[in-house]
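A.B. asks: Using the sequences and the hints, build the whole thing.
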Amino acid sequence: MGDLKNRFGTGLSTIFLALVFFWLAGMVLAPNLMMIDYALRPNLPPAALGGPDDTYSLANILYLANEPTHRAIFFKTIWASGLVALVTFLVCYPIAFWLAQRATTGQLAIAMMLIIIPFFINEVLRTLAWFIILAYRGPLNAVLTNTGLIDAPIRWQGDGGVLAAMVYAYILFMLLPIYNAIESLEKAQIEAARDLGASRWRIHTRVVIPHAKAGIATGFVFTFMLAAGSYIAPALLGSPGSRWFTEIIYNWFFEGGDWNRGAAYALVLLVLCLAVVLITLRLFRVNLTDVAK
Amino acid sequence: MRADRIFNAMFWLYLFVFMTYLFAPLIIMGAAAFNESRFPTVIPWQGMTTDWFRAMWADAAMWRSLGTSILVAVCVVVIVVPVGTAAALVLTSLHARARSFAYALMVSPLLTPGVVIGISTLILWRQLGVGGGIFLIVLAQSTFIICYVMLMVMARLQRFDRTQEEAALGLGASPVMVFRRVLLPFLRPALLASSGLAVLQSVENYNTTLFVRGFETPLTVFIATKVRTGLTPAVNALALVIIVATVIGAIAYEVARRRAG
Chain H
1 MGDLKNRFGT GLSTIFLALV FFWLAGMVLA PNLMMIDYAL RPNLPPAALG
51 GPDDTYSLAN ILYLANEPTH RAIFFKTIWA SGLVALVTFL VCYPIAFWLA
101 QRATTGQLAI AMMLIIIPFF INEVLRTLAW FIILAYRGPL NAVLTNTGLI
151 DAPIRWQGDG GVLAAMVYAY ILFMLLPIYN AIESLEKAQI EAARDLGASR
201 WRIHTRVVIP HAKAGIATGF VFTFMLAAGS YIAPALLGSP GSRWFTEIIY
251 NWFFEGGDWN RGAAYALVLL VLCLAVVLIT LRLFRVNLTD VAK
Chain F
1001 MRADRIFNAM FWLYLFVFMT YLFAPLIIMG AAAFNESRFP TVIPWQGMTT
1051 DWFRAMWADA AMWRSLGTSI LVAVCVVVIV VPVGTAAALV LTSLHARARS
1101 FAYALMVSPL LTPGVVIGIS TLILWRQLGV GGGIFLIVLA QSTFIICYVM
1151 LMVMARLQRF DRTQEEAALG LGASPVMVFR RVLLPFLRPA LLASSGLAVL
1201 QSVENYNTTL FVRGFETPLT VFIATKVRTG LTPAVNALAL VIIVATVIGA
1251 IAYEVARRRA G
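Sequence order for the protein chains is H and F.
Under the numbering used here, the first residue of the first sequence carries the number 1, and numbering increases by one thereafter.
Under the numbering used here, the first residue of the second sequence carries the number 1001, and numbering increases by one thereafter.
Calculated directly from the structure, the hints in this document are not laboratory data.
Worth double-checking, as some hints may not be accurate.
[Stated by the list, open to error] Which residues of chain F face chain H? A few of them, derived with a C-beta cut under 10 angstroms, are:
1. 1042
2. 1046
3. 1116
4. 1203
Quick reminder that beta carbons are idealized off the backbone N, C-alpha and C, glycines included.
C.D. replies: Written out as structure tokens, the structure is:
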């Protein structure tokens, strides 16, 4: 703090500190604390607020644990988000390796530009694009039936459609960290492994992937979090059988009219995401400073 | 050697499939805007038309939602640029321990799901008697967009030579003057770039906005609602216009960023 004051004078540093305080206290901490408060209170009519029934309890969180449909959707959201992260990794890894180690400067510049362009386009539009492609009478079914790969159109809406659109939406969050990590690997290390007789598979599992593990962990963390918190893809591309946890939360707020339960569900989602982030980073010994780049 | 060649051929095939996966959805969506069919598709092709662009242009609700999105984006920029810059300056002046704690707190909104940011903002402000609307959309979006500004300003600050400030102070400039005449001009490219990023993030946000929108309908909400209530290629026409605008904007941004170094 002293440093700040010496550098900018009392007036400016007070303004800076006030702005940062306004952000961290008013926009980051207070809303989350109020959400926790809501999550732990029962949903009461305004007249009963502050009355004898207005006590703290875990009832809203236990409701999630005991309601079989919601619990199933919660666990499904976790493993499906994990699957999204895994598929995104498998799709991105070969491209990231090629970009970082094999591509010429010209190829790198063109490929990077091509990869980044779709990500400037908003997620709702990208999901809309998948909605059109995957429509029952849409282009994908038309191409597949006309080429004889399938006999009758398939209903893509549901888990398959959601997976395709989510992987599509989060490619860049996986690709860039892995690319950055592999880029710092000396080409000589790969050549040395090859000269010593390592197979292609072994070079990747023993040299490249261990070197890139921080980047891979970062990619997983972001993809998982974005997938678990996604609303648009399951809402547009899902089917009644493929509901997402965020849709349940939304319903508590705007259809069920029970904000307290909604807050409890949102809190569970937040804790889940933070736990996944912290555990992954700890397991892969990655620093938070390296994640947010 | 032959195995290598087969492997290479397989890789190029994969790269081709990958690029198709990236671009086919956008191309099909754009092309459907020109199809006469009432439902947006490219198969069957019922004839070329530009009617959907006219329909989009005549849609008053679309213009209103565009106006809402622009208003929100402008307000967001006004908040996030000063706050993000202040956060970067405060953070760099902290000492090791306090710094890593403050850093974790400051990047936490990036690791919080967007829906949770929207929900927690909504709950806090209901307590204070404020319902969803433009004000809450701006506030909720700013909560995490500030992080991006902070990170971009910090990256630029790392290359700042503090002796410039000391020289100015030594020559008798006041701290405020040093800030205005030395540091701010140095940060200018980062501030411009982060304003651009903030506009983009604000306009394209859906998850957070959905919960705090009240009765407002920003562009993303407008499009998502259309998909459910009656999708016509007019939405594709809008999508195509947005895509072309974003790509031009992205290229201009990239050119500006490179020139700024």
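A.B. asks: Indicate, hint by hint, whether the structure satisfies it.
C.D. replies: Do the hints match the structure? See the list:
no.	hint	verdict
1	1042	5 angstroms, holds
2	1046	13 angstroms, violated
3	1116	5 angstroms, holds
4	1203	7 angstroms, holds
Going through the hint list in order, the structure does not satisfy hint 2, though it satisfies all others.
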